[in-house]
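Those protein sequence lines, which keep their order, are chains A and B.
Quick note on my numbering: the first sequence kicks off at 1 and runs consecutively.
Quick note on my numbering: the second sequence kicks off at 1001 and runs consecutively.
Read the hints as simulated data drawn from the structure, not as lab findings.
Simulated coverage check for chain A against chain B, where a stretch passes if three residues somewhere in it have a Cβ under 8 Å from a Cβ of chain B:
id : region
1  : 79-90
2  : 103-114
3  : 244-258
Label-pair restraints from in silico Cβ distances:
id : chain 1 : residue 1 : chain 2 : residue 2 : range
4  : B       : SER1184   : A       : ASP300    : 41 to 47 Å
5  : B       : VAL1031   : A       : LYS318    : 44 to 50 Å
6  : A       : LEU64     : B       : ILE1064   : 37 to 43 Å
7  : B       : VAL1122   : A       : ASP43     : 51 to 57 Å
8  : A       : ASN31     : B       : SER1098   : 41 to 47 Å
9  : B       : GLY1096   : A       : GLY363    : 42 to 48 Å
10 : A       : ALA10     : B       : LEU1187   : 36 to 42 Å
11 : A       : ARG11     : B       : ASP1117   : 58 to 64 Å
Residues on chain B that point at chain A, a partial pick, calculated with CB under 7 Å:
id : residue
12 : HIS1074
13 : GLY1078
14 : ASP1085
15 : ASN1103
16 : SER1128
17 : LEU1129
18 : PHE1130
19 : LEU1131
20 : LEU1135
21 : GLY1162
Note that the structure is a prediction, hence the values are computed from the model and not measured.
Just so you know, even glycine gets a beta-carbon here, dropped at the ideal spot from N, CA and C.
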Amino acid sequence: MVLSALVGSARGNVVLGWGVERIRAYCVWDNDNWNMTNPWDVDSGADAGQNVSIAVIDSGVDYLTDDQGQIHYHPDLAANIAGGKGFLYLVEYLQILNAYDDEIGHGTEVIGVIAAVVNGLGANQSGIIGAAPKTHIWALRTYGNRPQEIAAAINYSVDVLGVQIINISLQSDDNYSEIFTACNHALARGALIFACSGNFPPGNGTITYPALYNSVIAVGATCENDSRASFSNYGPKLCFMAPGFEINTTYGTTNHHFSYIVDNGTSFAAPHASATAALIWSSKVDPNFDFNHDGMWENDEVWAKMITTTLDLGPPGKDNETGWGLVNAWLSYQRPIGDINNNNVVDGTDLSIVASAFGSWPGSPRWDPRADVDIDEVVDGTDMAIIARHFGEGDP
Amino acid sequence: MATVVIIALLCTGAYAYWVSLPLPRTAGPRVSITSTPLQLSIGLDKTEYAATDNLTVYFSLRNISNKTVTLTEHVRYGLGLEPLDPVFRATTSAEGASTSEPNMINTLFHFHFRWVDSNGTVIYDTTSLFLYSALYDIVLAPDGYLNQTLHISIPGLFGIDGQSPRIEAYQISGMLYGVTISGSNELTIETPSIGFTIQ
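Construct the complete structure from the given sequences, taking the supplied hints into account.
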């Protein structure tokens, strides 16, 4: 697939997927783009998930191995792949393999949503940008998607790799005790696990495993108009919504390397949420969410800030169809909430940015995406109220 | 001489017909289910297997209508495509069939199956695997078909959980799981079961 066929905002040879744009992730790391005219890029000093590791438990990642044994990844992923492993369970014996090449293409897609970064930020940029484009990714391939393999990959993620975040874009109707135990273990070790809510069967109360576990954050899929995608499973366990319909991302398999795709599924909603968590985790801790006052982010604190900052969809508050709402990378990153010019205090400058854009919407002359802090696509009294509520808060 | 030519032509015609069949001719049984506009078929290479054999299962999906059919699969999996996995091997052939991403016609396994023993205990059910939560389309032209052949190592399959194959009768059925056809409601199509034994 050629880049021009992707769905999103293209500037030059760089495509920003609508999902990354919708959760306003670019406001975190593309600070010079508030007027929406500069090419999409990632500012060198911006927080964009650096020092955060995400294990993507999936079909691996597409790569080529040259004659010297050197591994070559998709050019948009090469900067951020830390490595990978393969997990194969046969005859009551688990093998951990060094091969994690993607034969299905799905893992390469999920990773692209999180961490694609336009040919590694080099000259002559072309490609796409993920939502947290400086995150370190571990591609953990489960060869048969057997429960023993998935459980082992979860345990490996926290016990060996020490990742902060685990993304699982897999679904099953069946509950497996080893995965339940592994998810509890990962949460206790300080990780957050994001899993898709599942695509089938339709209806209320249909969220699949592992998203159904209390230790796992269930993420459903939205379309570009913020409606729940018709295929997206829902129910009381649903926590967040994130873009999952017509998502731009990287693609590649062992016989079709280094390509792009537009794809659908809750598989692509979960990594938008994982990336949002990574953006929080890579920023300085927010004193208002530093519950144990240790000056560091813990998993419960990141989760709480994500919940607090969502764009509520559907009926007010948490509901079965949309959970707490759409993840809001921009607001969840702000520290303190309301500090939209990143000077660590909510002050008159923040108020004036909102005032200058008041009444605007995407495409209108005064539109400033930073001012639309609740990401409801209009700068209005709600945004002003958020700034006012936190006015004066700052980093001592 | 003319007789020889006629016989040769007949043989050629018969061979051409044979290779054009959507489901490979096998020595074993085959069953189909029709859910207009689709026909789903499953076949085995034989009915009696040794505990050390491969079980070869033929799957075929055919558009039996005169209109193009778009089938949306709501989940993906790649069973049988893993060179390091000794249990499953799969091959694909298709005519008049395509997927939303062309590469997916060969990299995904498009069918599901349920294998049960004589007590109805599930030996293997692909619908209870962990599946990738991503959709894709299969487009079938009129009379188009998509065939996949799955070779299952019987000792390998049982050996996953450290068991030896049991000598008894089994049944297997083929499925389309979690699909919509040209915008209709989601459905699962399952063939009747085929019986076989492991001797």
